[in-house]
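Chains H and D supply the protein sequences, listed in that same order. One point on numbering: in this note's numbering, the residue at position 260 of the first sequence is 260, and numbering is uninterrupted. One point on numbering: in this note's numbering, the residue at position 285 of the second sequence is 285, and numbering is uninterrupted.
Take the hints with a grain of salt, since some may be wrong.
DEER-style ranges, computed between Cβ atoms [to be verified]: (1) D/Ala-443 with H/Glu-326: 39 to 47 Å; (2) H/Ser-102 with D/Arg-420: 58 to 66 Å; (3) D/Val-431 with H/Gln-459: 40 to 48 Å; (4) D/Gly-374 with H/Glu-472: 52 to 60 Å; (5) H/Gly-458 with D/Pro-449: 37 to 45 Å; (6) H/Pro-91 with D/Glu-335: 50 to 58 Å; (7) H/Gly-458 with D/Ala-50: 45 to 53 Å; (8) H/Ser-102 with D/Arg-331: 51 to 59 Å; (9) H/Ala-468 with D/Ala-461: 53 to 61 Å; (10) H/Thr-85 with D/Ser-445: 39 to 47 Å.
The set of hints was computed from the structure by calculation and includes no laboratory data. Every residue, glycine too, gets a C-beta built ideally from N, C-alpha and C.
Protein chains: 2
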Amino acid sequence: MKLTQPETVAGILFTDEYQLTMAQLYFRYGLHERTAQFDHFFRDYPNYGAHQAGYCVNAGLEWLLQWMAAARFYPADIEYLRSQTSQTGAPLFQPDFLHYLSQHGHFGDITIDAIPEGRVVHANVPLTVVQGPLAMAQILETSLLNHLNYQTLIATKASRIRASGRGQVILEFGLRRAQGFGGNAGARAALIGGAHYTSNVGVSHVLGFPPKGTHAHSMVQVFMALGGGELEAFRAYADVYPNDCLLLVDTIDTLQSGVPNAIRVFEELRRRGHRPIGIRLDSGDLAYLSIQAAKMLNAAGFADTVIVLSNQLDELTIMQILAQIEMEAPRYGLEADALVKRLTFGVGTNLITSLGSPALGGVYKLVALQERDGRWLPAIKISETPAKTPNPGHKRVWRIYDQRQQATADVLALAEEDLRSLDTLILRHPVEHNKYRVLPQSAISQIEPLLTTVYRDGQMAYDPPPVAALREQRQADLDRLDPGVQRLVYPHIYHVSLTEQLWQLKQSLIREAKGSVVT
Amino acid sequence: MKLTQPETVAGILFTDEYQLTMAQLYFRYGLHERTAQFDHFFRDYPNYGAHQAGYCVNAGLEWLLQWMAAARFYPADIEYLRSQTSQTGAPLFQPDFLHYLSQHGHFGDITIDAIPEGRVVHANVPLTVVQGPLAMAQILETSLLNHLNYQTLIATKASRIRASGRGQVILEFGLRRAQGFGGNAGARAALIGGAHYTSNVGVSHVLGFPPKGTHAHSMVQVFMALGGGELEAFRAYADVYPNDCLLLVDTIDTLQSGVPNAIRVFEELRRRGHRPIGIRLDSGDLAYLSIQAAKMLNAAGFADTVIVLSNQLDELTIMQILAQIEMEAPRYGLEADALVKRLTFGVGTNLITSLGSPALGGVYKLVALQERDGRWLPAIKISETPAKTPNPGHKRVWRIYDQRQQATADVLALAEEDLRSLDTLILRHPVEHNKYRVLPQSAISQIEPLLTTVYRDGQMAYDPPPVAALREQRQADLDRLDPGVQRLVYPHIYHVSLTEQLWQLKQSLIREAKGSVVT
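Looking at chain H on its own, in the form it has when it is part of the complex:
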């Protein structure tokens, strides 16, 4: 049985094998309890092909920390590791290491500083900084990336879809097209990033949102198969849900059958003193059909009903639908603005999968090891491409706001630097030697530290805000983010810089490492 073993597939073994083989090596060399620092960050914003993100919305942290608080090597996990064999058939993991894991194989000695969920975040900025014993910090990598990459990806997509919808309600509908139970994380991230509601019942329950949904084509088909028709189905729905009557009108023919039948039922509801909610369109030319449906609804006195659009929507499709409505509505004597203001967008597959960019390439890189005397030794990897060389050492992250109260740069600094005490900031491009900005304090309205301690002593070190508060945080950050960076297509690149001191450290480490080639 598999799903009945969540303790196996969703516990500490929710990781990659090489984390365990490396951990044993650290143990064998007495390095397993050496304090290490790993930084989690992403190098590139999601690129959807024809369009690109200029920012991300951070998400996933609370579920990661809950997983960490519960995960540890239980006896059954240890026994499984004991059964693994080397190529020769001998045990792969030795008893002393397994004994260590059985005693210390948990995340109780790990400390995490992170940028909170709901905040706008940028490429190459450490979003999550992990410090703790090398072996367990290494084992954490896979689950941390899994939890944070996906939710940040989806919160970002949801924020874009919300922007394209001009503030109209966005419904997350994608559970059936998600990666198994990952659909739950996707629904949560969508709510953080910009969806107003989700159809996912379980996630709505645990997060305290009302789940949304009315009926599918199958309900209409049931009445048709029994010899009735769409009208009977709609009447039944209005009968059972007189105050929540939202009807899917495209089972037979939207304008010839669905909308006229809906209007008949709405009139019956009105006579009984109820206010109908509206209709949903799920196929065809959604812009054209919404104009025609709105005209028919208006003519019948239902100008206050909503029109829900669904079917393969994403940010570009929504933009196009709204543009088409603006062109086409006046031709039919309809005010485009009034129509847009009654629309709701149901977004399924393309949100839950982040169509065009189905994974965020977040990474988790060793940046420093602590000496026994407390000194930090920076670690670096010389990659084939300079842009992939991580920024070394123990660091802090600051966000600089200009005199317009707009975020103008995120700055990585050494831990001991306090940017607020400097007269002038020199902001170095992370890779290109000749690119830098000089910023006097007079040009700055605020310097904000972004990282905060979220996990310590085996538990959350902060009170995780409800999703509603995370949404407010997101909106506050977007209000202070250059609209050029928020463009859905070809956005302006936000500045992520290094302080002069950090930049000098990085250069000296690269020189040193290059010099050590073939030792």
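Following the hints, complete the assembly by docking chain D onto the known chain H.
Then chain D, alone, in the frame of chain H:
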């Protein structure tokens, strides 16, 4: 707490809200226990943009059935539904319906016929046929689609990647880029579809495969930060894992540092009587670097070591790497074939997300309702596009093999038709009136029924085969599938047909429904 509520987010509430509102409507109209049939199928093979699938590999069934056997409306679920409110603040779900769910809210009365996992499957063929009480069959939809869509998508991608790799070992590495815990389903599906192993420890454990993985860049960085170098790191790895020594050689510089250091360590291992496994390349021009690395390894007497390639691989990238090796290896005096035969491919993001086609559009359509006298009433939905009109009624599915023992068509037939008893088969195109094939029995070597009963009386009605057997089934089906259909780019379209009788039924239902517009 959220993840500590798996019974909430992974139980019966792992569904869309509209399933519950429809179920209550059926209950109110006395239809909830009417036996219904829903067909699950997909309309389009995955289309990755520049390339397309010509077949899918069926997967996900066993985990779905396990979920079904455990899921039911527990008291806490009922209490949550009781708390949901209508627009007016009144309860959305009524006590009598909730009482019904508390008594009958499980899948014990559902029967499922399905095409087994591991089989090659095609568009518009019912893969899963659900019969049971309308309300619970409706509630099942979301979870069924979630479980089957994703695993079939990934098994298909894995099969393509395996084909591109010419039978060389494929490793699934994608957990960190998956949708949360969905990564477990992805790893299982990858193993069914074509990956030989996965790095996912928990899934390897429950499925009985050895998890694969050695070390990451971070291990090398640890030794560098402590004042050592790549060579010390490699020596440590060889010391701890003398019989499993596979070294990642691109932390500093692949050809200047990584491969020479690996060879030194391999020589030391050889002197101690161990056989080194090989190296992994994770950046740069993998074709060029594998040629150069192979030359260096050969010159040192390690021609039998493997070379693992990773970094953004998918089926097209692997095809291109192999093509480049064939062009370029001879220039460096290397036999291309020998190099290809020592390669292993580690595939992460692009497999676990099915890059380019991140969701399979599988649907779940009501096709028939049973009368109290046992007669089946076919249900149909007249969509805007004829291709989307489901094939109606109670059906069987047959696969026809020609005289070369190759599958030549999948045929949908009425339940009462036995294709084996007909002299001549007329195979109708599902949509186009003028397209049909006439097939005499003499042209046919085998007619195979594809659906088998897999779930009945609240439990699995078959003995689910181990993943190893599913892989054999997949290979047997691929051996009988036209290579043109297996092409990775622009594949030949496999025939999916209706029998004359089913085709006539569909036409009459469409005429009838069109006639009933605006009742």
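Verification of the hints:
1. D/Ala-443 and H/Glu-326 have their C-beta atoms about 58 Å apart, which leaves the hinted 39 to 47 Å range violated.
2. Here the CB-CB span from H/Ser-102 to D/Arg-420 is close to 60 Å, well matched to the stated 58 to 66 Å.
3. Taking 40 to 48 Å as the suggested C-beta distance range, the pair D/Val-431 and H/Gln-459 does not conform, at roughly 59 Å.
4. For D/Gly-374 and H/Glu-472, the hinted distance range of 52 to 60 Å is satisfied, since their beta carbons lie about 58 Å from each other.
5. Our hint of 37 to 45 Å for H/Gly-458 and D/Pro-449 is violated, since their Cβ atoms are close to 56 Å apart.
6. The given range of 50 to 58 Å is broken by H/Pro-91 and D/Glu-335, whose C-beta atoms sit roughly 38 Å from each other.
7. The hinted range of 45 to 53 Å is satisfied by H/Gly-458 and D/Ala-50, whose Cβ atoms lie roughly 48 Å apart.
8. For H/Ser-102 and D/Arg-331, the hinted distance range of 51 to 59 Å is satisfied, since their beta carbons lie about 54 Å from each other.
9. One distance hint, 53 to 61 Å for the beta-carbon pair H/Ala-468 and D/Ala-461, is violated here, with the actual separation near 46 Å.
10. Judged by the Cβ atoms, the range 39 to 47 Å given for H/Thr-85 and D/Ser-445 holds: they are separated by roughly 45 Å.
Violated hints for the displayed structure, listed by number in ascending order: 1, 3, 5, 6, 9.
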